[in-house]
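Asks: So the protein lines, in turn, are chains A and B.
The first sequence maps to residues 1 to 176 in our numbering.
The second sequence maps to residues 1 to 448 in our numbering.
No wet-lab data here; the hints were simulated from the structure.
A few of these clues could be false.
Stated by the list, open to error - In silico negatives: residues of chain A with every beta carbon more than 12 Å from chain B:
{"hint": "1", "residue": "11"}
{"hint": "2", "residue": "55"}
{"hint": "3", "residue": "73"}
{"hint": "4", "residue": "83"}
{"hint": "5", "residue": "158"}
Claimed, not checked - Coverage of chain A stretches by chain B, computed from C-beta distances (three or more under 8 Å per stretch; other residues unrestricted):
{"hint": "6", "region": "130–137"}
{"hint": "7", "region": "145–155"}
For clarity, every value in this text was computed on a predicted model and none was experimentally measured.
Just so it is clear, CB atoms sit at the ideal spot from N, CA and C, and this is done for glycine as well.
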Amino acid sequence: MILLVPIDFPGDIDYLRDRLRKGFRTRVEVSLNGLDPKPFFNPDRRQYSSASIIERLERDAEGAASKVLAVTGLDLYIPILTFVFGEARLNGRCAVVSSYRLDNRSYGLPSNPSLLDKRLFKESVHELGHTLGLVHCNDQECVMKSSTYVEEIDFKGSWFCRRCGDCCAPALAGLK
Amino acid sequence: MTQRVSMLIVDDEPSVRDSLLQWFLQEGFRVETAAEAMEALEKMGNSNFDIVLLDIKMPGMDGIELQGRLKEIDSQLVVIIMTAYASVDTAIQALKQGAYDYITKPVDPDDLSRLIRNASEQRRLLRENLSLKEEIRSLVSTEQIVGKSPRMLEVFDAIRTVAQTDVTVMIQGASGTGKKLVARTIHSNSKRKYFPLITLNCGALTDALAESELFGHEQGAFAGARYRRKGKVELADRGTLFLDEIGNIGPKAQMDLLRVLETRRFTRLGGNAVVEADFRIISATAKDLEEAVKEGGFSEDLYYRLNVFNIRLPSLTQRASDIPPLVDHFVEKFSVAMNKPFTGVSSGAMELLTQKASWPGNVRELQNAVERAVVVGRPPIITASDFAGLVAPGGPSADVVLPLAEMEKRHIQLALDKSGGNVSLAARLLGVDKATVYDKIGKYGLVY
Numbered sequence: 001m002i003l004l005v006p007i008d009f010p011g012d013i014d015y016l017r018d019r020l021r022k023g024f025r026t027r028v029e030v031s032l033n034g035l036d037p038k039p040f041f042n043p044d045r046r047q048y049s050s051a052s053i054i055e056r057l058e059r060d061a062e063g064a065a066s067k068v069l070a071v072t073g074l075d076l077y078i079p080i081l082t083f084v085f086g087e088a089r090l091n092g093r094c095a096v097v098s099s100y101r102l103d104n105r106s107y108g109l110p111s112n113p114s115l116l117d118k119r120l121f122k123e124s125v126h127e128l129g130h131t132l133g134l135v136h137c138n139d140q141e142c143v144m145k146s147s148t149y150v151e152e153i154d155f156k157g158s159w160f161c162r163r164c165g166d167c168c169a170p171a172l173a174g175l176k
Numbered sequence: 001m002t003q004r005v006s007m008l009i010v011d012d013e014p015s016v017r018d019s020l021l022q023w024f025l026q027e028g029f030r031v032e033t034a035a036e037a038m039e040a041l042e043k044m045g046n047s048n049f050d051i052v053l054l055d056i057k058m059p060g061m062d063g064i065e066l067q068g069r070l071k072e073i074d075s076q077l078v079v080i081i082m083t084a085y086a087s088v089d090t091a092i093q094a095l096k097q098g099a100y101d102y103i104t105k106p107v108d109p110d111d112l113s114r115l116i117r118n119a120s121e122q123r124r125l126l127r128e129n130l131s132l133k134e135e136i137r138s139l140v141s142t143e144q145i146v147g148k149s150p151r152m153l154e155v156f157d158a159i160r161t162v163a164q165t166d167v168t169v170m171i172q173g174a175s176g177t178g179k180k181l182v183a184r185t186i187h188s189n190s191k192r193k194y195f196p197l198i199t200l201n202c203g204a205l206t207d208a209l210a211e212s213e214l215f216g217h218e219q220g221a222f223a224g225a226r227y228r229r230k231g232k233v234e235l236a237d238r239g240t241l242f243l244d245e246i247g248n249i250g251p252k253a254q255m256d257l258l259r260v261l262e263t264r265r266f267t268r269l270g271g272n273a274v275v276e277a278d279f280r281i282i283s284a285t286a287k288d289l290e291e292a293v294k295e296g297g298f299s300e301d302l303y304y305r306l307n308v309f310n311i312r313l314p315s316l317t318q319r320a321s322d323i324p325p326l327v328d329h330f331v332e333k334f335s336v337a338m339n340k341p342f343t344g345v346s347s348g349a350m351e352l353l354t355q356k357a358s359w360p361g362n363v364r365e366l367q368n369a370v371e372r373a374v375v376v377g378r379p380p381i382i383t384a385s386d387f388a389g390l391v392a393p394g395g396p397s398a399d400v401v402l403p404l405a406e407m408e409k410r411h412i413q414l415a416l417d418k419s420g421g422n423v424s425l426a427a428r429l430l431g432v433d434k435a436t437v438y439d440k441i442g443k444y445g446l447v448y
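In isolation and in its complexed conformation, chain A is listed as follows:
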C-alpha cells in the first residue's frame, strides 16, 4: 500500500491517488493527517528542507503502508542544490515530491493544470521508483530518467522502461 501525505498541497490529490493506484496496481490512500510545514522551513533560503520532511516521515509513519509519499506545493531544497522537484531514500520507505516548480506559473507562464498533473504524476512515480531501488536511467522515455529542469519531465514517459520495470518487479510485487 502507498500512503500519500499532503503538506500544504493546493492541487487535486485524489486525481494523483487514482492515477498512482492505476499505475502501481496497488492500494493508494491519502493520509487524513497532513504535516505542518513550519518545522521544515529555512528562513534564509525561504524554502523547505526535503531531507527534514523525509526524516520526519521516516520517524512518524506507521501502519501498513509499504511506501509513504509526501506531496506538497512548497518549494523544496537540499543544502547543496538551489531546489529539488522531490527527494527519496534509495531502497527506503519515504519520499517527497513538490508541485511548486512543476507549475508553469513558477516560470511566468499561464497556468496549465492538466500539464501540472502529468508532471506531478511522473515525478511521484520517479521518487517512488527510487524507493523501489531504481537509480537514474539513460532511456530518454523512462520515467527514471533524471530531470534537472521542467521541460525534461515533459520529454520523458510516465512509466518505467522495460529494464527498470524488470529491475523493480520484485519490489513492485511487494507493494501489493
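Please arrange chain B on chain A, whose structure you already have, making use of the hints.
Replies: Chain B alone, transformed into the frame defined by chain A:
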C-alpha cells in the same frame, strides 16, 4: 560495459554529505562520504575514486591542502571544490592546484549534473588514454627484437640513439632480417609513438598509382573516385611514414616522394588546396641503393634525403649466437597461438638449427621452420625430426638442384658470413678479387 562512477564526498556538514550522498546514489554512482580530511585520506588510501567533491572550509585541513594530498595518492583524480562563498581568489587557487572545477553552494541541479557528467567523461577518457598507451607500449617494444649477439647489440644502440630524434632513418638488410620490426620499434620509442605508423609498400607502388597513394585524391578526381580519400602522407601526419622496399620504387614515384620530402606540402589528386603534413620518414631496403644510384636506377637526391642515419641489419648467419634465444621465443609464441604446451626444443633439434650453414630467408625462415615444427610436433618437446625438410648442415642436400645463380648467391653469402663481413677476406676465400665480390653483393642484394 560502462564502468560505474565512484565518488568521495568530503564535507564537515552532515546535511550536505547526506544530501549529496542521496543525490549521487540515485545517479547510480558508488558513493562514500568523509567528514574530515584524515578520514578522506584514509578512504582514498583504501579505495579508488573517480571524482572527489571537496568542501573548501573544514576544520583541521582545508580543501585546497587536502586536494594536494589526495592528488599525491592519485594524480589523475578529478577534484571539484565546493565553497559557500564565491571568491575569485579561492577559485584561482583551487584551479591552480589542479582542481577540475569549483562550485558555489547552493548550485543549480542542472549545472551540477552537467559538471559531474563532464568530469566523469574526462576521468573515463584519461583512464582509457592511459590504458591504450599501455596497450601500445606492450604491443610494440624493443623487447620484441630478440638477440644478444654483438651485431644485434649494435643495432639496439643505433635504435636507442636515433629513436628519440626526428632524424630520417634508412634500414638496410636482406629479406627476413627484421627491417619492419626495427622500423616499428623506432616509431614506438619516438616522440611520435601515439600517432600512426603508416606503411607504404613501395614494391607494390606502380608509377600510375603513386600520386594517389601518396597524396590521396579528391572526390571525382578520376573515374571511380566517389569520395575524398587521404593519402599515406596525410595519414602519417604527426606520426611516421615507413617506406618499405624503397629500392623498388619507380622513377615517377621517386620524384613525387622527393617533392613532398623537401616541402612537407602537397595537394590531393584532383584538388587545389595545399595540405601540410608533419611526419618522420623511415625507409627500408634489401637492395644496395648506392649501387642503384651509380647505375642511375635511383635518384641521388632522394637517396641522400633518405639515408641520413643508416642501420644495417645482420643476416641470421652473422648473428648465429642468437638462434637459440630466437628459437625459444618462437616456440613460446607459436605454442601460445596454437595452444600446444611446448616447453622447448631438444638439444638435437637445437644443434640442427645452429649448425645449419646458411639461412637465406634469415629470421623469417627460422620462424617459419619453428612454426611448422610446432604444427607437426608433439608436446612437450620439439625434436629434430619435427624439422624434417629443413636443409641439413653443410648446405643444400645433394639431390636438390638449385639454379646456378642461387648457388652462387648462397656461396658468396656464406663466404661473407664466414669472414664476418670482411669483403677482402671473403674475396680471398672465394679466390676472386674484391671488385667481383662487391659486384655480386650488389647484384644479389647480399648483406655483410
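Asks: Taking the hints in turn, state whether each one holds.
Replies: Each hint, compared with the structure:
1. Listed as a non-interface residue, residue 11 (chain A) keeps its Cβ farther than 12 Å from every Cβ of chain B; the least gap is roughly 22 Å.
2. Residue 55 (chain A), annotated as away from the interface, has a beta carbon of chain B within 12 Å; the closest lies near 10 Å.
3. The beta carbon of residue 73 (chain A) is kept farther than 12 Å from every beta carbon of chain B, the shortest such distance being approximately 19 Å.
4. With a cut of 12 Å on Cβ distances, residue 83 (chain A) falls inside the contact zone with chain B, its closest approach being about 7 Å.
5. Residue placement check: residue 158 (chain A) keeps its beta carbon more than 12 Å from all beta carbons of chain B (closest about 19 Å).
6. Closer than 8 Å: that is the beta-carbon criterion, and the region 130–137 of chain A has 3 residues meeting it against chain B, so the requirement of 3 holds.
7. Counting residues of the region 145–155 of chain A whose beta carbon lies closer than 8 Å to any beta carbon of chain B gives 3, which meets the minimum of three for the stated coverage.
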